[in-house]
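Enquirer: As a plain string of letters, each chain reads:
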Amino acid sequence: MRNFTSVRAQEIPPSGIRKFFDLVLAMEDVISLGVGEPDFRTPWNICESSIYAIEQGVTSYTSNKGLQTLRDALSRYLAQHYNLNYSSDHEIIITSGVSEALDIAIRAIVDPGDEVLVAQPGYVSYGPCVTLAGGKPVPVRCVEKDHFKLNPDSLAEQITKKSKALIINFPNNPTGAVMTESDLKAVADLIIDHDLLLISDEVYAELTYETRHCAAATVGALRERTITLNGFSKAYAMTGWRIGYLCAPRELCDAALKIHQYVMLCAPVMGQVGAVEALRSAEEEKNSMVNEYRLRRNMFVAGLNRIGLPCHVPEGAFYAFPSVEKTGLSDVEFAERLLKEQRVAVVPGSVFGSGGEGHLRCAYAVSRKELNEALLRMEEFLNTL
Amino acid sequence: MDEKDLDLLRILEENSRLSAEEIAMMTNLEKAEVEDRIRALEVAQVIKCYSTVINWERAGNGEVSAIIELKVSPERDFGYDRIAERLSRFRQVRSLRLITGTYDLQLTVTGKNMQEVSRFVSEHVAPMDRIRETATHIIMKSYKENGNAFFEQPETERLPYCP
Chain S
1 MRNFTSVRAQ EIPPSGIRKF FDLVLAMEDV ISLGVGEPDF RTPWNICESS IYAIEQGVTS
61 YTSNKGLQTL RDALSRYLAQ HYNLNYSSDH EIIITSGVSE ALDIAIRAIV DPGDEVLVAQ
121 PGYVSYGPCV TLAGGKPVPV RCVEKDHFKL NPDSLAEQIT KKSKALIINF PNNPTGAVMT
181 ESDLKAVADL IIDHDLLLIS DEVYAELTYE TRHCAAATVG ALRERTITLN GFSKAYAMTG
241 WRIGYLCAPR ELCDAALKIH QYVMLCAPVM GQVGAVEALR SAEEEKNSMV NEYRLRRNMF
301 VAGLNRIGLP CHVPEGAFYA FPSVEKTGLS DVEFAERLLK EQRVAVVPGS VFGSGGEGHL
361 RCAYAVSRKE LNEALLRMEE FLNTL
Chain D
386 MDEKDLDLLR ILEENSRLSA EEIAMMTNLE KAEVEDRIRA LEVAQVIKCY STVINWERAG
446 NGEVSAIIEL KVSPERDFGY DRIAERLSRF RQVRSLRLIT GTYDLQLTVT GKNMQEVSRF
506 VSEHVAPMDR IRETATHIIM KSYKENGNAF FEQPETERLP YCP
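Chains as they are written, first to last, in the working numbering: chain S, 1 to 385; chain D, 386 to 548.
To be clear, the hints were calculated from the coordinates, so they are not data collected in a lab. Fair warning: there could be bad hints in the mix.
Here are the simulated DSBU-like cross-link-like pairs (lysine-lysine), alpha carbons at most 30 Å apart as the crow flies [said to hold, decoys possible]:
id: 1; chain 1: D; residue 1: Lys416; chain 2: S; residue 2: Lys326
id: 2; chain 1: D; residue 1: Lys456; chain 2: S; residue 2: Lys369
id: 3; chain 1: D; residue 1: Lys416; chain 2: D; residue 2: Lys433
id: 4; chain 1: S; residue 1: Lys286; chain 2: S; residue 2: Lys326
Computed footprint of chain S on chain D; a stretch qualifies when at least three of its residues, placed anywhere within it, have a C-beta under 8 Å from a C-beta of chain S [unchecked claim]:
id: 5; region: 392-402
id: 6; region: 452-464
Cβ atoms here follow ideal geometry from the backbone N, Cα and C, with glycine treated the same way.
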């Protein structure tokens, strides 16, 4: 029999955390700082409105673009909160999570042979999605010295005639780095000079602790060449609901919509109803979760530095990204031994690409009690080295 | 009162048993500053006291609580304040509020048993000057107190790793 798997599928690297998954399944009493999702339950008002909608028989397909009420509410919300102006009729698509938004955005713009610059360390899907679309992902390294912001010089070095787009994600998973308006301005000039498109994944936009999030599309003349991705998962603790959205100028949005209607048709309606309620009534709940993340961050990052794992202060998302270089272990060795010896699960930074090596991603979206216990166990582990 | 003070109040409201050191870590303050700020909040009576939310039903001491509503004729110059002050002195009165609607004051009263609660209402509250009418509602079961629900939520499954 032939090997039926496509070359493209074969080309995608396997997940870097597979072996950790297998290890952890056989263990008990593990504290996991390895999960990139809120530990809170979805606020009850959101759940309740979705349950009510199901009871009322709201169970059908929606328009491809998503419920009009949701797009209208989003359009207003984005304008008020981020000064982002997108027409609810032509420039917003509701997707099945940001994951789908990312996929259709990339497929809408990438032709075979196109190079797509990917800021790294970064979320694990960007490169493979580019590969699947026939493009070539080109990493742009963000380093600790720059607090893991995207450095325009590093970007310039990787730009070639084939470069078509740049993917960024700030606040960043896994580093917690944010880009201010002036940071983005420095990058915007390069993007415009080289006629690139920008895909900006802003799913952690609500989770900033020092400054308000600056949406990339509001910087300089970037709007016309930016696809903004965002969703409800992180801010409203709605990961399992799978509701994200894509915003872009009409021409780009139309191209992405064609793909969306063939591969997804529409995002789940119950999730969309929940998202409407999130925008309508969950501001307080969201703020109190963000506030709790901030307290945990302060406590956890201080703890990491105290036990001897140097960590810059992440200004956004819910990840700390300490360095393990001083221990002499690689990030993968450290993470594996920490799991086996002290039952604390963290993700090695190298999983997130170039620049991540020598670091660990620790999600502090767990209770303070667990964070304290994790710190004790990590300290214990360090003492044995 | 600044953002840091609000942080301290939210933290203490949720768990007043955290040490100043732990609170200092969370708020990026020095331990001494946390202590100073909390002392100032206590002096200003913003922090009234540190108490514990107890599920008495589970403790099983058989205590009975009731919500009592009162219609009160307000006094010239004092309104409801003087009578409220008198009521608040009773040990049995756990909370006392002025409310809108059919009744004026609402109390929560706790006693060892039903007899004690009804005796307290009929002998001490109802006969007070200016109280025109009382309505007593025995609390049959408490589901949530001070923001804490008494339901046990089942553990939900969470992935150990997720990039």
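Enquirer: Against this structure, judge whether each hint is valid.
Expert: Results for each hint:
A threshold of 30 Å between alpha carbons decides the hint, and for Lys416 (chain D) with Lys326 (chain S) the separation of about 29 Å falls inside it, so the pair holds. Taking the CA atoms of Lys456 (chain D) and Lys369 (chain S), the gap is about 47 Å. The hint is violated against a cut of 30 Å. Between Lys416 (chain D) and Lys433 (chain D) the CA atoms are separated by roughly 22 Å; this keeps the pair inside 30 Å, and the hint holds. For a cut-off of 30 Å, the pair hint linking Lys286 (chain S) to Lys326 (chain S) is broken: about 37 Å separates their Cα positions.
For a cut-off of 8 Å, the count of residues in the region 392-402 of chain D with a CB near a CB of chain S stands at 3, and the three-residue condition holds. With 0 residues bearing a CB less than 8 Å from a CB of chain S, the region 452-464 of chain D misses the requirement of three and the coverage assertion fails.
The structure shown violates the earlier hints numbered 2, 4, 6.
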